[in-house]
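Starting from the known structure of chain A, arrange chain B on it as the hints suggest.
Single-letter residue listing:
Protein chains: 2
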Amino acid sequence: MTFSAPTSQAAPGGVGEVLGLFRAQPSLTRADVMERTGLSRSTVNQRLDALVGAGLIAPSGEGASTGGRPASRFAFNQDRGVLLVADVGATGMRTAACDLGGAVLVARECPIDVADGPHAVLTVIGRLFEEMLAEAGRTTAEAHGIGLDVPGPVDFGSGQVVSPPIMSGWDRFDIPGWFADRYACPVLVDKDVNAMAFGEQRRVYPDVSPLLMVKVGTGVGAGLIVDGRVFRGADGAAGDIGHIQVTVAGVDTEPICRCGNAGCLEAYAGGWALIRDLREAGQDVATVDDAVALIRTGDLTAVRLVRRAGRILGGAIADSVSLLNPRVVVITGQLARAEEQLFAGVREMVYRRSLPLATRSLQIVPTKLDTRAGLIGLALLLADGIFAPDRVEQLLSA
Amino acid sequence: MTFSAPTSQAAPGGVGEVLGLFRAQPSLTRADVMERTGLSRSTVNQRLDALVGAGLIAPSGEGASTGGRPASRFAFNQDRGVLLVADVGATGMRTAACDLGGAVLVARECPIDVADGPHAVLTVIGRLFEEMLAEAGRTTAEAHGIGLDVPGPVDFGSGQVVSPPIMSGWDRFDIPGWFADRYACPVLVDKDVNAMAFGEQRRVYPDVSPLLMVKVGTGVGAGLIVDGRVFRGADGAAGDIGHIQVTVAGVDTEPICRCGNAGCLEAYAGGWALIRDLREAGQDVATVDDAVALIRTGDLTAVRLVRRAGRILGGAIADSVSLLNPRVVVITGQLARAEEQLFAGVREMVYRRSLPLATRSLQIVPTKLDTRAGLIGLALLLADGIFAPDRVEQLLSA
Chain A
3 MTFSAPTSQA
13 APGGVGEVLG
23 LFRAQPSLTR
33 ADVMERTGLS
43 RSTVNQRLDA
53 LVGAGLIAPS
63 GEGASTGGRP
73 ASRFAFNQDR
83 GVLLVADVGA
93 TGMRTAACDL
103 GGAVLVAREC
113 PIDVADGPHA
123 VLTVIGRLFE
133 EMLAEAGRTT
143 AEAHGIGLDV
153 PGPVDFGSGQ
163 VVSPPIMSGW
173 DRFDIPGWFA
183 DRYACPVLVD
193 KDVNAMAFGE
203 QRRVYPDVSP
213 LLMVKVGTGV
223 GAGLIVDGRV
233 FRGADGAAGD
243 IGHIQVTVAG
253 VDTEPICRCG
263 NAGCLEAYAG
273 GWALIRDLRE
283 AGQDVATVDD
293 AVALIRTGDL
303 TAVRLVRRAG
313 RILGGAIADS
323 VSLLNPRVVV
333 ITGQLARAEE
343 QLFAGVREMV
353 YRRSLPLATR
363 SLQIVPTKLD
373 TRAGLIGLAL
383 LLADGIFAPD
393 RVEQLLSA
Chain B
3 MTFSAPTSQA
13 APGGVGEVLG
23 LFRAQPSLTR
33 ADVMERTGLS
43 RSTVNQRLDA
53 LVGAGLIAPS
63 GEGASTGGRP
73 ASRFAFNQDR
83 GVLLVADVGA
93 TGMRTAACDL
103 GGAVLVAREC
113 PIDVADGPHA
123 VLTVIGRLFE
133 EMLAEAGRTT
143 AEAHGIGLDV
153 PGPVDFGSGQ
163 VVSPPIMSGW
173 DRFDIPGWFA
183 DRYACPVLVD
193 KDVNAMAFGE
203 QRRVYPDVSP
213 LLMVKVGTGV
223 GAGLIVDGRV
233 FRGADGAAGD
243 IGHIQVTVAG
253 VDTEPICRCG
263 NAGCLEAYAG
273 GWALIRDLRE
283 AGQDVATVDD
293 AVALIRTGDL
303 TAVRLVRRAG
313 RILGGAIADS
323 VSLLNPRVVV
333 ITGQLARAEE
343 QLFAGVREMV
353 YRRSLPLATR
363 SLQIVPTKLD
373 TRAGLIGLAL
383 LLADGIFAPD
393 RVEQLLSA
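Sequences listed follow chains A and B, in order.
Using the numbering used here, the first residue of the first sequence is number 3, and each one after it goes up by one.
Using the numbering used here, the first residue of the second sequence is number 3, and each one after it goes up by one.
Chain A with its partners taken away, still in its complex shape (with noise of 0.2 Å):
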């Protein structure tokens, strides 16, 4: 099962956006809600018996005195379920139980190769899934959604990879499928950078749109928060800035990047070209990781090629800026971790390249969440999913 639009318009001020609210709000009384909806108490009334008998909201302690007696509050109930959620990268993934606010309960890593093929992922995200629902207390019938994200173009609607640039095996095999023996529950699929973003901007930056979320790891990738809601184009593949052409002036072979064309930025700045050329320096480095540890040590060719990768990183996000103006830009993956040598040439192609209107109240700035970003962003991708008001109501109604 998956996520699909909404099939029939929720109706204004109906159950569905009332508990929209509760979700927005640690509590509300009865009167809040009459406020924030204009409905009659006798509706909100109506409106809350049904999400306290569905299990959706809760009594939370008393509200402050109206006078009379005290008025009762109500409070989303997060603990009704539990979400299962896995970011899944090239090389390793993090998988998480959350509650139904998105909160992490319990998160486990784990290496991996993602060009193992799906049966091989999926089936250590089962098994790791299993083990976070017992360590949680909860059954496979409590888990009320499936969220993963992984490191490839993602078709939202089919929860399909297609055509990825890695993850070979992947194109367009039905994850919600493989999924739907154990798990009664929607699952979702997203590209791994529009899960972050998501989790950034709803936790770190709520009132801020746009907001674009550029992921450096192995390869580079970006996610865009507009008005709250991910940014996925007309097919999902929104965002795709790793593949776009970039200009080195001194380059007289253009580098042959993983999609097959040459010249793209992650055929520069990606950690796998980083490594490729500290390899050509004759360092001894495996792994991104292992370079980000050597730019900590000063080695001064380390040092020198993050930051000719910031600068080229930052030709391509003074693009994006130039293309999208953005409030905010937030920086994430494993590059991000040699921070000021990178952060500093992409700040400063960024105020070289773009129009001042669009400079003059941006940020770029390093990520708050980290490594958990993708996870509550699919946790929190998920609740708005399963409590769409349209879907609130049929349920309720069900």
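Honestly, the hints are just simulated from the structure, not real lab data.
Backbone N, C-alpha and C define an ideal beta-carbon position, used for all residues, glycine too.
All clues stand as given, with none of them false.
Distance windows between CB atoms, simulated:
no., chain 1, residue 1, chain 2, residue 2, range
1, B, A251, A, G300, 34 to 44 Å
2, B, V106, A, E350, 44 to 54 Å
3, A, A60, B, S399, 34 to 44 Å
4, B, Q396, A, A60, 33 to 43 Å
5, A, A122, B, R362, 26 to 36 Å
6, B, G119, A, Q396, 51 to 61 Å
Some chain B residues close to chain A (C-beta under 10 Å, calculated; not the full set):
no., residue
7, P14
8, G15
9, V164
10, P167
11, L226
12, F233
13, G235
14, A236
15, Q247
16, V248
17, E256
18, A318
19, L326
20, R329
21, R355
22, T361
Okay, now just chain B, sitting in the frame of chain A:
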């Protein structure tokens, strides 16, 4: 007076929402409105009485029989007033008086030099507005809104041009204030290609999202429409494709751009760059229209140069497709009239460089509204602002 963000939330099922239904349809019966809003017959009658009383809708013939007497049809009153719009280019300008549905009633064209500054250009616009009002048999008081689009970055909230690369003298000039003496209506100022993109999307591709419009005139710019709305970014600077950096093989010294940087897209592929290159090749061309005329004669140098411009433009559009994943890319501007010579290069680069997921359903097409896209787009943007649900409620409750 400019358009600000809504100060209050319009009530669902309110008079503003009901007017919105009429603006989207040729005509509706009372039963249609009941069905689409879920409002009761008596509430619908109240809403329609208020809208008829304000002259915003009017009876429109008779509807199909519903068994008893024919249902009365009502339609949006597009003739309640006029919208005065001006599409300002670097070297020429088009103006129109439109009805409230965005249809052009009277139009004018006029050569100008936008670098003559706001006083000179706005004086001409003011005179043309008066002439067109007279020709349409309308008074100044009947102008419901004024819209201008300009070839430079605009702070949409204040209606000011901000740090424009061309348009000397316009920086932060109070365009809405210029019209305030004579007209009491709101004034909207937007970037030219935003208005063009909005007109094209609304009239030709009403169900398409995202739509990217690229204007290749003297300069190069882009406008993006997402879910039926202009995507402006955080400061209104989005779509600045003309100044992203491009890679051109075999170029030792990057050309200097009008913005002060080197290697910008428009320094290779804009009309001014094509004129520069044609002159260097010994051709006697003064304007972009001269260059297009020369291309159409089949002159080999001109054809070679425009094909090269097409491929370079295509590289930047491929980057935009990778980032934004639009469903339709519309190309407009004087150079778009070079048609296949330009489009072949654009298509070649986009299909070569962008992800299969992003190009499998992509259309790259010339503008259908052509020179009227900006005028129609401005009128529709004005109408959306003037008849925003919260404004209609304020209007009727005043």
